[in-house]
Every structure is written in structure tokens, then in C-alpha cells.
Amino acid sequence: MSALLPLFIAIPVFSAIFILIIGKFDKKHFPRIWSILTSISLLVILALVWGKETIVHEMSGWKPPFGVILVKDYLAQLMLLITNGIASLALIYSFSYIKKYEDYLRFFTLFLFMLAGMNGVVLTGDLFNLFVFLEIASIASYALVGYGVDAEELEASFKYLILGAFASILILFGIGMIYAVTGSLNMADVARFLLEINPDGSNKSVLMVVGLFIVGFGLKAGLVPFHAWLPDAHSSAPAPISVMLSGVLIKVLGIYSLVRVFYNMIGMNPIISNILIVMGSISMVVGALMGFGQDDIKRIFAFSSISQMGYVVVGIGIGTPFAIIGSLFHLFNHAGFKSLLFLSSGAIERCRGTRKLSELGSLREIMPVTSGVSVIGSLSIAGVPPFNGFWSKLIIILAAFSAGYIWLGVLLILTSFLTLAYYLRFQKNVIFGELTSNTRNVREAPFAMLMPLIILAIFCLFVGIFNGWIIESLIIPAESVILNQLGYISSVLGI
Amino acid sequence: MTLYFLDFVLLSIGLYALVVKRHIVKKILGVAIMEYSVNLFLVLLGFKKSGIPPILTKDMDFETFIRTAVDPLPQALVLTSIVIGLGTLALMVAMAIRLYERYGTFDMDEINRLRG
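Heads up: the sequence lines are chains E and C, in that order.
All the letters of the first sequence, read from the start, carry residue numbers 1 to 495 under the numbering used here.
All the letters of the second sequence, read from the start, carry residue numbers 1001 to 1116 under the numbering used here.
Keep in mind that the hints are not guaranteed to be accurate.
Below, in silico cross-link-like pairs of lysine-lysine (DSSO-like), each with a Cα-Cα straight-line distance of 30 Å or less [as the list claims (entries may be wrong)]:
id : chain 1 : residue 1 : chain 2 : residue 2
1  : E       : Lys24     : E       : Lys99
2  : E       : Lys159    : C       : Lys1026
3  : E       : Lys100    : E       : Lys27
4  : E       : Lys428    : E       : Lys28
5  : E       : Lys356    : E       : Lys99
6  : E       : Lys356    : E       : Lys428
7  : E       : Lys63     : E       : Lys100
8  : C       : Lys1058   : E       : Lys63
9  : E       : Lys28     : E       : Lys99
10 : E       : Lys99     : E       : Lys204
11 : E       : Lys159    : E       : Lys356
12 : C       : Lys1021   : E       : Lys159
13 : E       : Lys204    : C       : Lys1048
14 : E       : Lys204    : C       : Lys1049
15 : C       : Lys1048   : E       : Lys63
Below, a sample of chain C positions facing chain E; criterion: calculated Cβ distance under 10 Å [what the hints assert, rightly or not]:
id : residue
16 : Met1001
17 : Leu1011
18 : Ile1013
19 : Gly1014
20 : Val1031
21 : Val1070
22 : Asp1071
23 : Gln1075
24 : Ala1076
25 : Met1095
26 : Arg1098
27 : Asp1109
28 : Asn1112
Chain C stretches covered by chain E per the calculated footprint, using a threshold of three residues with CB under 8 Å from any CB of chain E [to be verified]:
id : stretch
29 : 1055-1067
30 : 1083-1093
31 : 1099-1106
These aren't lab readings, by the way, just hints derived from the structure by calculation.
A virtual CB, placed ideally from N, CA and C, is assigned to each residue, including glycine.
Using the sequences provided together with the hints, build the complete structure.
The structure is reproduced here in C-alpha cells:
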């Protein structure tokens, strides 16, 4: 069973290279169909390893503290489901969307490399290996953001590239410090050392590592002092790439890595917890306030990503089991509704030729399906029952109150009203409202673009209605992995 | 200790170039300098004065080998990290050339169509 784990990385890498070779002969159809098949085969493999216990694969048969290992536990399983599920939908959507561009081959090659990098980050149990996969995913995403090679796209991509390279350097520096302190790079082994030398979290070198990791992974996650690249990159990228950036990349490279490193490796302490709560609440408020002033619908969604990631980080910072459940559930839901919104913005842009709030209007009459699903998406993200966003926000707010953070709970409630307000502004101007420009030639988007939208809308409603079942079967096992540092160490090292 | 301090000075020079300079190529150089300083830090972790290569031959005593050989792991890490850095650097330079074609300038303050 454990031999299946390397396939999550090997299949996308080899199929990316395969696309480059075979694509020389069939430039149009082969890359699109082959990449969809690749992502679906990854989902099939995920179904095969979907199980009860932690699976550890030792690469080349080297035992854990020495060799590189791949670990699939419940947290990794949840993240793999999000990553590969959203990637399949984005690839199906790209089937029609890619007709905007001339070059099909490199788009799908880079996409699959990014997918391989993210699967690697989720699965790896080794710190330096984490850095390598993080760089694979990041470099592919820098190139994909600037894929249209227009002036604005290149500018966004360059800003993202400079800040992303800076973040990677800090992360590598932190990994070097960890190696200097513990003499090991295996995360479970490092955790075991740190429990001995740093039980109360006051070791100076470890504190410096904490700072480096917060800045590095915080930049990748787009938390507020480090968010400058995010709105530009998200709004300039092609729609399927915006979906991957907002739905998966900032979660896997940012939030997941933070959680894995701080909870399972370094060990949570009040210092880290306070930093995360403060950063999360600032991101939440600033993202929501900035979302108001925007005219470009993709920028609204990008700022709302910052705001929603703030919710997730606040929950992680509070650190009670209830709060972690809320955070992971919100992470899971955010992947669904934010992907839905970005995909629908791509459909709107393709059919109307603009993304500006002031030039759009009355989409309900000319694009009924797209506007219907984007209403579902914006109601979910604004937290209207019975859609999924309501339940996860409710859990985080209740967790904040029950952990004694009264002001934080009030702030969370106020921010969700703000979110509702700017999504109502989006609905009023785009979906209802009056026709502002000539719409004679506007048709509904093609079927390959509508199908992922409908699937995601059903997902939002389904998760909202069957929230108890989803939390019990997916979220609580992942939460138990996060809070059980000793369990992680013993299950990975086998002691 | 002096070596670590000098390495930190190098990191600060890179950070200065990245933050203060407006010219794109100088920013890229800043990133490259920071990257080299972190690579140097990793090499310093495994460095021993008058150390021997970490290859265990038959006529060598294991105890003296442990005491005198340098740590080979950081060297392997640095090789990987240099290759990654090369990829990033190539992409940055390619991006800078494309930006110059579009904007006709290397000044980061004039490349500001995305606002808000």
C-alpha cells in the first residue's frame, strides 16, 4: 500500500514531460485530454490509499531518520483530496478556457508540475524535501501567473517572483537553523529532539526559526503584512490558475506547512499562538476592508481570500480542538466556494469581455447558469445558512468565545458582516442590476466550463446540509493528527 | 563565529539591494546575493577546520573519521539549493527582459499599472 505514495508525485511529473514530447505531434487535443486523465488517476490512487492508519513510505528503503520519507496521515489525506479535486475541476475548465492562448503545451506542463510540487509538500516528512517541493510548485506558479505575457500579467508575476524567492530564502535559512540545532531533517526526528531540548519553547535558536518560518510561510499564504503580491497575482493569472492559487496553493504552501511545522514539529506554545492570532485577525479585517474599494471582480475575490485565510489562521492560533476543527472545515469549504467564484469570474470575463463591476450588470438574464452558481458561491462565502461557509464560520466564532477571546469573537462576527456586505455589492452590480453595455452577442459559457461550476455549487450545498457527516469523517481525524505531536512522532518513526 | 557574522553581513547586503534599489536588475542581484549567503550558511554548518573529505576508507579508524570528517549532508543540500536558485534566477532574468519590452524601463517605480 505504501508503494502507492510516490505515484502522487511521479505521475504528474512524468505526464508533464510526456505532454511536452507527444504534444509536438498533436498540439491541440492531446495535452488537454491527457492532463485531465492524469488528475483523475490521482484521485483514483487517493481512493486506494484512503484508509484508517498512517502510511509511511521509505524512499529507496532507507529508514526514517536517514532517508526521505513520505507520510500519509489524515491531515495529508484531507489536503490531497482538496488539491487533486480542485486540480481536476480546474483542468476540465481549462479544456475550453485555454482557447484564449496560443500555446497549449506549456500551460498543461507547468500546471502538472505545480500539482506534483503541491502533492509533494503535503506528503513529505522531511524538511529539506518540503523546501524542494515548495520551490517546484512556486516556480511553476510564477510562470503560470505571467502566462498571458501582457504588461500587467508580467508585472504581477515579477512581484510575486521577487517576494516568493525572498520567502523561499527565509524558509531555507530556517531549515538550516533547525539542522544546526538538532542535526536532523526528518520532521518527526526533529520533533523528538526539540521535545528534549526545548520543552517550554524558550530556546533562542528555535524562536528565530519560528520567526523565519512565520515570515516565509506567511508570505506564501498571503497573510496581511506580507500580502502585497496576492491581489495582483490572483487577478492577473488565467482563471484556472487563480483557482489553483487561491483554492490550493496558498493553503498547501502556507497554512498546511505552518500547521505541520508548528504543531507537529516545533510544538505549539503561547508565543506562536499569539502571533498567529494577531496576524490572522489583521488579515481578516484588512482583507475585508480592501475588498470594498475594488472595481475588478477578481480583485474582490483575491482580497476576500486574504480575509478568509485570516479566519483559518485565527482558528489555528487559538489551538483548542474545537477551533482547529473550525479552521480545517473552513479551509475545506473555502477551497470549494472560492474556486467556484474564480471559475465563474473566468466565464463572465470570457463572455462579457470585462471584469469591471461598473460595466457588468444583469447577468441573470443573459447567463442564467453562471449567475445562479455565483449567487450560491457568494452566499456560501458570506456565511448564509444552509450553505457550507456558515457552519465553519460559526464553529470558529464559537471556539473563540469558548476559549475566552471575547474581543476576537466580536471581531470575527463583524468581519463576517463586512464579507456579506461586499458580496451583496458584487451580486447587486453583476448579477442583478441594469444592463450597461451591448449584450447582443453574449451567450452562456460552453459546457466544459459550466460543469465544474455546477459540481462546485452542488458541493457547497451538500457540505452545508451534511456538515455533521463531513466533519466527523474528514475533519476530526485530521484535527487529531494536528494536536497529537507524540502520536505523529511515534507513528512516523515506528517507536 | 567571525565567518557566521560575515555571512550575515552578506545577507544584509542582499536584503538592502532587494528592498531599497529600484532597478529591476539590482533587485535580482539582491535576491541572488541573499541566496548565496544562505547557501554559505548551510556550508558553514558542516565545515570543520582542517577537516577531511567524508569518505571512509578501509585503513581509517572510525573514531578519528567521526572527529575529523566534515558533515556531508549540508553540501548535498547546497547542491540542490544552488540548482533551484539557478532556476529562479533564470526565470527572473527572462521576466525582466519581457518587462523591459512591455514598459521600456527597468525602474520598478514606473512599472505600476496594478494598484489598489
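The hints, checked one at a time:
Of the supplied pair hints, the one linking E/Lys24 and E/Lys99 holds, its CA atoms being roughly 18 Å apart against a limit of 30 Å. For the proposed pair E/Lys159 and C/Lys1026, the alpha carbon gap of about 14 Å is at most 30 Å, so the pair holds. Taken as a hint, the E/Lys100 and E/Lys27 pair is honoured in the structure, with Cα atoms around 15 Å apart against an allowance of 30 Å. Annotation: proposed proximity of E/Lys428 to E/Lys28 is violated, straight-line Cα distance about 39 Å (limit 30 Å).
For the hint pairing E/Lys356 with E/Lys99, the CA-to-CA distance comes to about 22 Å; that is within 30 Å, so the pair holds. Distance restraint check for E/Lys356 and E/Lys428: the Cα-Cα separation of roughly 13 Å lies within the 30 Å cut-off, and the hinted pair is therefore satisfied. With a CA separation close to 49 Å, the supplied pair E/Lys63 and E/Lys100 exceeds the 30 Å bound. Simply put, C/Lys1058 and E/Lys63 have alpha-carbon atoms about 25 Å apart, close enough for the 30 Å limit, and the pair holds.
Between E/Lys28 and E/Lys99, the direct Cα distance comes to roughly 9 Å. Compliance with the 30 Å bound is thereby established for this hinted pair. Restraint check for E/Lys99 and E/Lys204: not satisfied, since their Cα atoms lie roughly 54 Å apart, outside the 30 Å limit. Distance hint between E/Lys159 and E/Lys356 is fulfilled; the C-alpha atoms sit about 23 Å from each other, no more than 30 Å. For a cut-off of 30 Å, the pair hint linking C/Lys1021 to E/Lys159 stands: about 14 Å separates their Cα positions.
A C-alpha spacing of about 24 Å is found between E/Lys204 and C/Lys1048, which places the hinted pair at or below 30 Å, so the restraint holds. Of the pairs offered as hints, the one joining E/Lys204 and C/Lys1049 holds, with about 26 Å between alpha carbons and a cut-off of 30 Å not exceeded. About 27 Å separates the Cα atoms of C/Lys1048 and E/Lys63, which keeps this hinted pair within 30 Å; it holds. Of the supplied interface hints, the one on C/Met1001 is violated, with its beta-carbon coming no nearer than about 13 Å to a beta-carbon of chain E, more than 10 Å.
Restraint check, C/Leu1011 versus chain E: the minimum CB separation of about 8 Å is within 10 Å; hint holds. Annotation: interface hint on C/Ile1013 violated; nearest CB of chain E at approximately 13 Å, more than 10 Å. The interface hint given for C/Gly1014 holds, since its Cβ lies 8 Å from the closest Cβ of chain E, which is under the 10 Å cut-off. Checking C/Val1031 against chain E: minimum C-beta separation of about 5 Å stays under 10 Å; hint holds.
About 14 Å separates the beta-carbon of C/Val1070 from the nearest beta-carbon of chain E, more than 10 Å, and the hint is not met. About 9 Å separates the beta-carbon of C/Asp1071 from the nearest beta-carbon of chain E, less than 10 Å, and the hint is met. A distance limit of 10 Å between C-beta atoms decides the matter here; for C/Gln1075 the minimum to chain E is near 12 Å, and the interface restraint is violated. Because the closest C-beta pair between C/Ala1076 and chain E is about 9 Å apart, less than 10 Å, the hint holds.
Annotation: C/Met1095 was flagged as interfacial toward chain E, and the flag holds, the nearest CB pair being 5 Å apart, inside 10 Å. The restraint placing C/Arg1098 at the interface with chain E holds, with a minimum CB-CB distance near 5 Å, inside the 10 Å limit. Look at C/Asp1109: its Cβ only gets to about 12 Å from chain E, farther than 10 Å, so that hint breaks. Hint status for C/Asn1112 relative to chain E: holds, with the closest Cβ pair at about 8 Å, below 10 Å.
Chain E is given as covering the stretch 1055-1067 of chain C, and this is violated because 0 residues of the stretch bring a CB closer than 8 Å to a CB of that chain, at least three being needed. Requiring three or more residues with a Cβ within less than 8 Å of a Cβ of chain E, the coverage given for the stretch 1083-1093 of chain C holds, as 5 such residues are present. Check result for the stretch 1099-1106 of chain C against chain E: holds, 3 residues qualifying (beta carbon to beta carbon below 8 Å, three or more required).
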